[in-house]
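Keeping their order, the protein sequence lines are chains S, E and R.
If you read the first sequence in numbering that gives the first Met the number 0, its first letter stands for residue 0, the second for the next number, and so on.
If you read the second sequence in numbering that gives the first Met the number 0, its first letter stands for residue 0, the second for the next number, and so on.
If you read the third sequence in numbering that gives the first Met the number 0, its first letter stands for residue 0, the second for the next number, and so on.
Think of the hints as simulated: they come from the structure by calculation, not from any bench.
Every value quoted in this text rests on a predicted model; they were computed, and no experiment measured them.
Every residue, glycine too, gets a C-beta built ideally from N, C-alpha and C.
Misleading hints may appear alongside valid ones.
[As the list claims (entries may be wrong)] Some chain S residues close to chain R (C-beta under 10 Å, calculated; not the full set):
1. K208
2. V245
3. L249
4. G263
5. V275
[Said to hold, decoys possible] Pair by pair, the computed Cβ-Cβ distance ranges are:
6. S:E482 with E:S230: 29 to 39 Å
7. S:F6 with R:F68: 48 to 58 Å
8. E:E22 with S:L498: 25 to 35 Å
[Claimed, not checked] Only pairs whose alpha carbons sit at most 25 Å apart, straight line, appear in this in silico BS3-like list of lysine-lysine:
9. S:K208 with R:K170
10. E:K64 with S:K445
11. E:K64 with S:K356
12. S:K218 with E:K85
13. E:K236 with E:K249
14. E:K236 with E:K226
15. S:K448 with E:K64
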Amino acid sequence: MTLEILFSPLKEPLILGTAIGILVGGIAMIAGITYFKKWTWLYKNYFTSVDHKKIGIMYIFVALIMLFKGGIEALLMRAQTAVPQNKILDSNHYNEIFTTHGVLMILFVAMPFVIGLMNVAIPLQIGARDVAFPRLNLLSFWLFLVGCALLNISFIIGGSPNAGWTSYFPLAGIEFSPGIQNNYYAWSLQIAGIGTLATGINFVTTIIKMRAPGMTWMKIPMFTWSCLITNVIITFAFPVLTVALVLMTLDRQFGTKFFAMTDGGMDMLWANLFWVWGHPEVYIVILPAFGIFSEVIATFSRKNLFGYGSMVASMVIISLLSFMVWAHHFYTMGHGVLVNGVFSVTTMLIAVPTGVKMFNWLLTMRHGRITFTTPMLYALGFIPIFTIGGVTGVMLAMASADYQYHNTLFLVAHFHYVLIPGTVFGLLAGYHYWWPKMFNFRLNEKIGKVGFWMIVVGFNVTFFPMFILGLNGAARRMYTYSESTGYAPLQMLSFIGALVLVAGFASLVYNIYYSIRYAPRETNGDPWDARSLEWATHSPVPEYNFAIVPQVSQLDEFWYAKKEGRDLHAGKIEDIHMPNNSGAPLWMSVVMGLLTFFFIFNQFMIVIPLAVITLLFMAYRSFEIDEGHHIHAHEVEETERRMRGDR
Amino acid sequence: MRKKLLTMPIVAALLAIVLSGCEPLMVLNPKGPNAETLSNTIILSIITMAVILLVVYLLLFFMLKNYRASKMGADYEPPHEAGNHKLEIIWTVIPILIVSFLSVVTIYTTDKVEKKPEGYGNKEALVIYASSSEWKWHFSYPEEGIETVNYAMIPTDRPIEFRLYSFGTIASFWVPQLAGQKYAMADMLTTIHLAADHEGDYWGRNSNFNGEGFADQEFTVTATKQKDFDSWVKDVKASEPALTEKEFDKLLKPSVVGRSSYSSTHLSFSPAPMDHKDMMKADKYTESKKGSKTSDQTEHDMDDMDEMDK
Amino acid sequence: MSKHNNSVPLEYSTEENDLKIFGFWVFLGAEIVLFATLFTVYFVLVDRTGSGPIGADLFELKPLLIETFLLLTSSFTIGLGVHAMRLGRVKPMIFFYVITLLLGAGFVATEVDEFLHFIHEGATIQTSAFTSSLFTLLGTHGAHVSFGLLWGTAIIIQVVRHGINARTANKAFIFSLYWHFLDVVWIFLFSFIYLKGMM
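Looking at chain S on its own, in the form it has when it is part of the complex:
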């Protein structure tokens, strides 16, 4: 492959501009870090750190950056379709942009944001010192970042995938998508997916085995419960993605016939495999958000969560049903009335446990004492807007009616009405809520609230018109349309909404800047007067989390201890065993990143030695004797004194 073809995407002014933007931004960041001599500090304190809190912060940082990339892609799409026959983007670039928008937002924004908050909060909520496998946790992060980097590099070198985030065969096959563009899709998801699978295993083990003494199943905070279920889903759903992507790679790069049009291949097999993973994936990003809403609504109503048991049960039922509904993504492929009927029923049934949760949240507020903080606003905004997403979901679940909604903007509106008020509002609620746990100050409430309103207004103005456009025959993924369709006014409205939405997201960044400069520093580890154990320790949290692991006797132990004036940390401080930091996950991921990069370009003579190096990294890990280190009791006591002195 000649260099000219390799860099041919750069011939497009728009892409050249973006590339220059990424380059300038990247150089500015690198120059800044170099100027302030922060490289060693970053490497020692973050890149090689196995501390779950720092890994969580890195995940969230990357998620925010990718949110902006995905957001700009969304804005470009809305700009292109704002007026009929627009010429901002041509068909191929529009196709690339909606493909990467989908992949980015689900896998490189929602997932890392969820996993980031999980990392920050879960070990603290269950009173643990770290996750079960701290180094694996760091490896998960770096593998995720490598996958993310691959997708972003594709924009500049070789071209981005352009067959939609679902990449249906035969379209995504080598016959209709020649070249390497869609190899990027397979490998970027593959490598990030393996990282996520490791996270799943890690957190299942952590939550089941490492809870504080006395924290029995029905005393686990709701966010942790939701994440336990989420991670179980990850563990059982992601291997399906792994297999699907391997088959895709084999078909595209080695001429196998799984999804081929000849020799017995079956194109819809891909769609089935994709959605067997893809539908649970939706619940992977939504259940933790449900958990966050449970925490936030209880905290800011100053009341315990209503119907705790049914909250847990409903999530378990949702997780089971999530594996039994995948075929509703292609009712229109012509399976009979029976199959469509069964999948309609299972799909609609999901509304029942979801409704139970909705009513429990509402009843939690009854007799409460509601304060309208930024996280609470997101939780309150979630209820009315998500319900629209939910009821349109039931409408889509009806197979017959879906024959008219399928592949239209109605569907696009529906899943944005689920994912934005559900996942995004949940994550933003969690982000504002746990920010003072990550750092020792709160984000500015005023800017936070203005941001919330801009996002709510912008979101509805952007997406509500799409319900109507869909019913008027507007298919999704169309880069342009003619005047005569009559879509123009609503499409323009949608574009205006998108501008407001982007401004709302921009205010989040401004809030970080503003709050770093002006927000008062917390003197107390519990700024919200909250209920669960993460608030029992200091902010920012010391490396060892808890000087003395708290003993738990009931749900919301910390809340009742506060009320009764009990000290959760009574006892003698002992030496604390902690895992060592390690550079291996970073460097192993770099090697694997190079490996996949050359694999994408079919350069197997380079892939083989890199694969050997990867095995050597594993061997190194196997032979390494790493007993971790101890923080001595007197050091812990000193830290505790210092932290308390701050109070």
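Put chains E and R on the given structure of chain S with help from the hints.
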């Protein structure tokens, strides 16, 4: 503030309806029995869902109005409430009833639109093969022996059976005012039953993304009286060229083309794949033949076609 | 802190060891899904042979029996190895682990030979949807066994160097779980791919 929160979607909805003008939305403006069933289903589900939305909105409004901190007095301390079994049973059972109701509606209507539409007496369905290739539609009329590209003529007041398949990527055949969608795929045949009650031009398209020319993969279905349809067939038969294999191969190449008509179909030299149901039979067929190696699909397809021609 | 608990076997004896074994069980859960997916793909595509051969044309009894014998025996010998480990006897443990890996190597060699036979019969991974799924399913299992050979070797070296302690015992035990799992997968391959295909 919270009022704004509640009214936001409603305002957006009103605004959108106003902006979209008075023209009825395509999906809710059916011109045949299939689309009409779907339109009624959709309207029924919208009404049901509106009730649910209303309940949730009223509850939310009630909670926010009555239990905000500023109303509760400085020393109010919320009580501990574990749950309420009666309430929990109510909000589990009622949704289950709603879901059951909608399930029945779904199965009934799905079955209805998947069958030959009723109410047209003993009229036999007109069979039209609609096949997709990058980025166009080919309509073959086996009985009449004619073929068109990117437009189809159908008689009104008669059941029509579109048999769909694809020469490449998956496409979704959609004429919103006549019927819901169905995929056209390379390795099996799918069917759409519909009928048009009114004369007119109905816009249709492929709604499933399939590459660069996707946005342009549109077609028109024109419904006319049987008499006009017959004379159109006669016209095409008399004045249009035959569709040769060479010409057809040229047509199949990825491109966006205009309309054209031919006085013969491609089915003779490039038969359609098997029906989904027949394929199930074919699986058994291969099984019984196991050991003899051949399960050549095309051969089987030819048999199928012969049967059809009879 | 690595607190020793004497009431449980050595491989479980520290908190970290306990976590590792539990985590590995969860990992095996994911592996089950992985193989289940590959099996499903195989079942969907088994009759879609295009113009290529069908299973009955390819499968032969002799290599199948050799493979099965080797792998089942190796599962037995690694069980003996773990037993020796629990008794604290280093030499028998190493002996049985080495035997296990040799049997595994024999399995891989036989499978490679079998693959060459498939190719000779005109069935490559590119021939049809059926052969693609057959090679992928068998190959994934074979790759797991091959990786096990490397992993097992690393563990034997560590036991030779450091003897049996909480760390090496834990690794050797987890490896035995992996090995038994591959044996179970083989039983499924044996019944649902080969026997069903031959009949």
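Hint check: K236 of chain E vs K226 of chain E, CA-CA at most 25 Å. Holds or violated? At roughly 15 Å apart (the allowed maximum being 25 Å), K226 of chain E and K236 of chain E satisfy the hint.
25 Å Cα cutoff - pair K64 of chain E, K445 of chain S: holds, 22 Å
Proposed proximity, K85 of chain E with K218 of chain S (alpha carbon, max 25 Å): Holds, because 23 Å separates the two Cα atoms, which is no more than 25 Å.
Given K208 of chain S as an interface hint, is the shortest Cβ-Cβ distance to chain R below 10 Å? Where the cut-off is 10 Å and the nearest Cβ of chain R is about 6 Å from K208 of chain S, the hint holds.
Holds or violated: K236 of chain E with K249 of chain E, Cα cutoff 25 Å? Since the Cα atoms of K236 of chain E and K249 of chain E sit roughly 21 Å apart, the hinted pair holds (cutoff 25 Å).
Confirm or reject the claim that E482 of chain S and S230 of chain E have a C-beta distance inside 29 to 39 Å. holds, 34 Å
Would you check whether L249 of chain S satisfies its interface hint, that is, whether its CB is within less than 10 Å of any CB in chain R? holds, 7 Å
Measuring from the C-beta of V275 of chain S to each C-beta in chain R, is the shortest one below 10 Å? Cβ of V275 of chain S sits 8 Å from chain R, so the hint holds.
Pairwise hint evaluation, K356 of chain S against K64 of chain E, where the allowed Cα distance is 25 Å at most: holds, 21 Å
Close enough to count: is the Cβ of G263 of chain S nearer than 10 Å to one in chain R? holds, 3 Å
V245 of chain S as chain R interface residue, shortest Cβ-Cβ below 10 Å: holds, 7 Å
Straight-line Cα separation of K208 of chain S and K170 of chain R no greater than 25 Å? holds, 19 Å
Of the hints listed earlier, there is not a single one the structure fails to meet.
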